[in-house]
Amino acid sequence: METGTTKKTEEKKTAPPSPARAFFNEAGGIALFLGQTARYTFSFPFEFKEFIKQCYMIGNKSFGLVGITGAIMGVVLTIQSRPVLADFGAEAMLPKMVAVSLVREIGPVITALICAGKIGSGMGAELGSMKVTEQIEAMEVSATMPMKYLVVTRVMAATFMIPLLVIFADTLGLLGSWLGVNIKGDVNIALFFSHAFSSLEFIDLVPSIAKSFVFGWVIGLVGCYKGYNAGKGTESVGIAANSAVVLSSLLIIIVDLIAVQVTDILS
Amino acid sequence: MTSSATHTIENTQSAPDNSETVIEVKNLKISFGSQDVLKDVSFNLHKGENLVVLGKSGSGKSVLIKCLTELLRPDSGSMVVLGKTVNSMDRHELAELRKQIGFLFQSGALYDSMTVRANLEFPLTRMNRKVNKEEINERIKKVLDNVGLGHAIDKMPAELSGGMRKRIALARTIIVDPVIMLYDEPTTGLDPITSREISVLINDVQEKYNTSSIIITHDMDCAREVADRVIMLKEGQIVAEGTLEELEESEDEWIRSFFGKN
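Chains as they are written, first to last, in my numbering: chain A, 1 to 267; chain B, 1 to 262.
Worth flagging that the hints you see were computed from the coordinates, not collected in a lab. Please note: incorrect hints may appear among the correct ones.
What the hints assert, rightly or not - Think about it this way: if two alpha-carbon atoms lie no more than 20 angstroms apart in a straight line, the pair counts; the simulated EDC-like pairs of lysine to aspartate or glutamate are:
#: 1; chain 1: B; residue 1: K29; chain 2: B; residue 2: E241
#: 2; chain 1: A; residue 1: K53; chain 2: B; residue 2: E121
#: 3; chain 1: B; residue 1: K234; chain 2: B; residue 2: E207
#: 4; chain 1: B; residue 1: K208; chain 2: B; residue 2: E138
#: 5; chain 1: B; residue 1: K130; chain 2: A; residue 2: E47
#: 6; chain 1: B; residue 1: K39; chain 2: B; residue 2: E20
#: 7; chain 1: B; residue 1: K208; chain 2: B; residue 2: D228
#: 8; chain 1: B; residue 1: K142; chain 2: B; residue 2: E207
#: 9; chain 1: B; residue 1: K155; chain 2: B; residue 2: D177
#: 10; chain 1: A; residue 1: K232; chain 2: B; residue 2: E185
#: 11; chain 1: B; residue 1: K141; chain 2: B; residue 2: E121
#: 12; chain 1: A; residue 1: K96; chain 2: A; residue 2: E201
#: 13; chain 1: A; residue 1: K49; chain 2: B; residue 2: E138
#: 14; chain 1: B; residue 1: K56; chain 2: B; residue 2: D36
#: 15; chain 1: B; residue 1: K133; chain 2: B; residue 2: D154
#: 16; chain 1: B; residue 1: K56; chain 2: B; residue 2: E251
#: 17; chain 1: B; residue 1: K56; chain 2: B; residue 2: D177
#: 18; chain 1: B; residue 1: K130; chain 2: A; residue 2: E26
#: 19; chain 1: B; residue 1: K133; chain 2: A; residue 2: E50
#: 20; chain 1: A; residue 1: K53; chain 2: B; residue 2: D112
#: 21; chain 1: A; residue 1: K49; chain 2: B; residue 2: E121
#: 22; chain 1: A; residue 1: K61; chain 2: A; residue 2: E50
#: 23; chain 1: B; residue 1: K141; chain 2: B; residue 2: D154
#: 24; chain 1: B; residue 1: K56; chain 2: B; residue 2: D252
#: 25; chain 1: B; residue 1: K84; chain 2: B; residue 2: E20
#: 26; chain 1: B; residue 1: K130; chain 2: B; residue 2: E96
#: 27; chain 1: B; residue 1: K84; chain 2: B; residue 2: D177
#: 28; chain 1: A; residue 1: K232; chain 2: B; residue 2: D112
#: 29; chain 1: B; residue 1: K208; chain 2: B; residue 2: D145
#: 30; chain 1: A; residue 1: K61; chain 2: B; residue 2: D112
Build out the structure end to end from the sequences listed, making use of the hints.
So this is what it looks like as structure tokens:
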């Protein structure tokens with residue numbers, strides 16, 4: 001079974017490895033974890049009830065924070081961009097520019113980074129705590145596969161919920177932008193959205209939503225990996241939560257870089 | 001064994017039959033890095049027997065029972081549990097075997113995010129997906145009454161004391177009617193009165209459910225209360241085996257020191 005093997009591998013560590021070795025250990029560990037997650041994702045029966053619960057937890061816990069952040073992003077982006085566009089006499093382009101920036105790039109990335117902090121750390125801490133207090137082993141002896149029950153459900157829930165949160169953040173971001181425009185002007189909301197959407201095409205949405213799925217998957221996978229492989233003792237829980245945020249944030253930026261390149265090539 | 005029980009458990013199974021071996025361990029070895037934790041350990045557990053494993057902290061006691069449920073994979077040796085070789089099982093066979101083994105963890109390992117009711121419901125529904133709500137409620141009530149904590153059904157684990165957590169954890173293991181019980185230091189961290197209550201409950205479970213048990217402990221009071229037979233582990237090896245009375249009479253200095261006779 002996977003836990004026994006993982007645990008033994010972990011306990012076999014006796015001295016701190018060199019940085020290069022630690023990097024390859026980590027990369028190998030993530031690859032192995034990824035393989036196990038993929039394997040259990042497609043083994044039946046799927047833990048649907050737990051998946052729905054995790055979707056609710058992720059959405060319910062994050063939508064307030066994501067919404068507020070999205071709205072503020074919209075306001076700030078509008079206020080910051082207005083003088084630059086005004087210098088070129090292109091103030092009328094403001095809704096279009098904000099919409100493209102938010103939907104294509106800022107919305108998905110900022111939302112993902114916030115969720116890495118909120119959801120990724122939560123997963124790392126929760127699973128780390130379960131590992132330290134033997135709850136994962138208790139689950140295993142209850143004829144339940146923890147990889148399937150705890151990990152697959154969380155990874156899938158994050159994968160499906162982050163795009164919804166991104167859409168929510170984008171929407172509030174555009175509303176925030178409309179508010180920002182109205183600080184120094186008087187623009188009708190219908191006119192604002194009409195301008196904003198005229199610059200967006202379906203092809204703008206596809207890469208944005210597609211990379212949001214990948215961001216969600218990265219957040220779930222890294223959070224679960226760090227928690228599931230936490231060491232012994234309560235200190236490990238903090239380390240798991242912290243490293244989940246750091247690693248998933250870094251991977252989000254790397255994935256975004258790749259996604260931008262791929263989109264550029266394809267378009 | 002002492003049979004006086006604080007909480008009487010209803011009899012559900014037949015009388016013990018000591019002739020049958022339920023666990024047979026041969027030449028078990030496991031090491032972590034350069035440290036050999038278990039070195040060539042062999043022993044049997046008979047049906048209806050309470051086998052106590054004594055030893056100092058770090059002698060490999062917990063590792064031993066974790067190997068029996070494949071929570072840890074040994075380097076070599078064979079383990080036959082209920083007639084099935086553990087080492088060669090696939091995960092479905094292992095899951096089936098685990099349904100017959102109750103494991104009381106040192107920390108209790110109650111699921112923090114679930115109420116007591118949900119903690120008890122979890123193994124029941126996981127091991128038998130066809131069980132109906134009425135039966136679930138009936139069994140939860142029965143095991144909670146057995147451990148004297150019927151009033152705690154809607155509490156969260158964080159609201160319970162250490163002793164209560166252990167008793168709920170014990171209820172969670174017996175709710176699925178296990179054939180074998182594995183106790184990992186069941187009285188560690190508890191006051192003497194609660195420790196004795198847990199020891200009495202261990203005896204009750206053994207007598208009424210006819211379970212065969214391995215009890216890992218270094219609590220001599222608990223060992224005296226529950227042991228039919230004792231094996232002593234020292235640095236990953238069995239150094240003595242017999243009844244508690246036999247071991248107490250041993251001339252070996254280390255064994256004598258364990259019983260406080262130096």
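Here is what the structure says about each hint:
{"no.": "1", "hint": "B/K29 to B/E241", "verdict": "19 angstroms, holds"}
{"no.": "2", "hint": "A/K53 to B/E121", "verdict": "17 angstroms, holds"}
{"no.": "3", "hint": "B/K234 to B/E207", "verdict": "30 angstroms, violated"}
{"no.": "4", "hint": "B/K208 to B/E138", "verdict": "18 angstroms, holds"}
{"no.": "5", "hint": "B/K130 to A/E47", "verdict": "16 angstroms, holds"}
{"no.": "6", "hint": "B/K39 to B/E20", "verdict": "26 angstroms, violated"}
{"no.": "7", "hint": "B/K208 to B/D228", "verdict": "16 angstroms, holds"}
{"no.": "8", "hint": "B/K142 to B/E207", "verdict": "17 angstroms, holds"}
{"no.": "9", "hint": "B/K155 to B/D177", "verdict": "24 angstroms, violated"}
{"no.": "10", "hint": "A/K232 to B/E185", "verdict": "18 angstroms, holds"}
{"no.": "11", "hint": "B/K141 to B/E121", "verdict": "11 angstroms, holds"}
{"no.": "12", "hint": "A/K96 to A/E201", "verdict": "11 angstroms, holds"}
{"no.": "13", "hint": "A/K49 to B/E138", "verdict": "23 angstroms, violated"}
{"no.": "14", "hint": "B/K56 to B/D36", "verdict": "15 angstroms, holds"}
{"no.": "15", "hint": "B/K133 to B/D154", "verdict": "16 angstroms, holds"}
{"no.": "16", "hint": "B/K56 to B/E251", "verdict": "19 angstroms, holds"}
{"no.": "17", "hint": "B/K56 to B/D177", "verdict": "31 angstroms, violated"}
{"no.": "18", "hint": "B/K130 to A/E26", "verdict": "41 angstroms, violated"}
{"no.": "19", "hint": "B/K133 to A/E50", "verdict": "18 angstroms, holds"}
{"no.": "20", "hint": "A/K53 to B/D112", "verdict": "16 angstroms, holds"}
{"no.": "21", "hint": "A/K49 to B/E121", "verdict": "15 angstroms, holds"}
{"no.": "22", "hint": "A/K61 to A/E50", "verdict": "16 angstroms, holds"}
{"no.": "23", "hint": "B/K141 to B/D154", "verdict": "12 angstroms, holds"}
{"no.": "24", "hint": "B/K56 to B/D252", "verdict": "16 angstroms, holds"}
{"no.": "25", "hint": "B/K84 to B/E20", "verdict": "14 angstroms, holds"}
{"no.": "26", "hint": "B/K130 to B/E96", "verdict": "15 angstroms, holds"}
{"no.": "27", "hint": "B/K84 to B/D177", "verdict": "19 angstroms, holds"}
{"no.": "28", "hint": "A/K232 to B/D112", "verdict": "18 angstroms, holds"}
{"no.": "29", "hint": "B/K208 to B/D145", "verdict": "14 angstroms, holds"}
{"no.": "30", "hint": "A/K61 to B/D112", "verdict": "18 angstroms, holds"}
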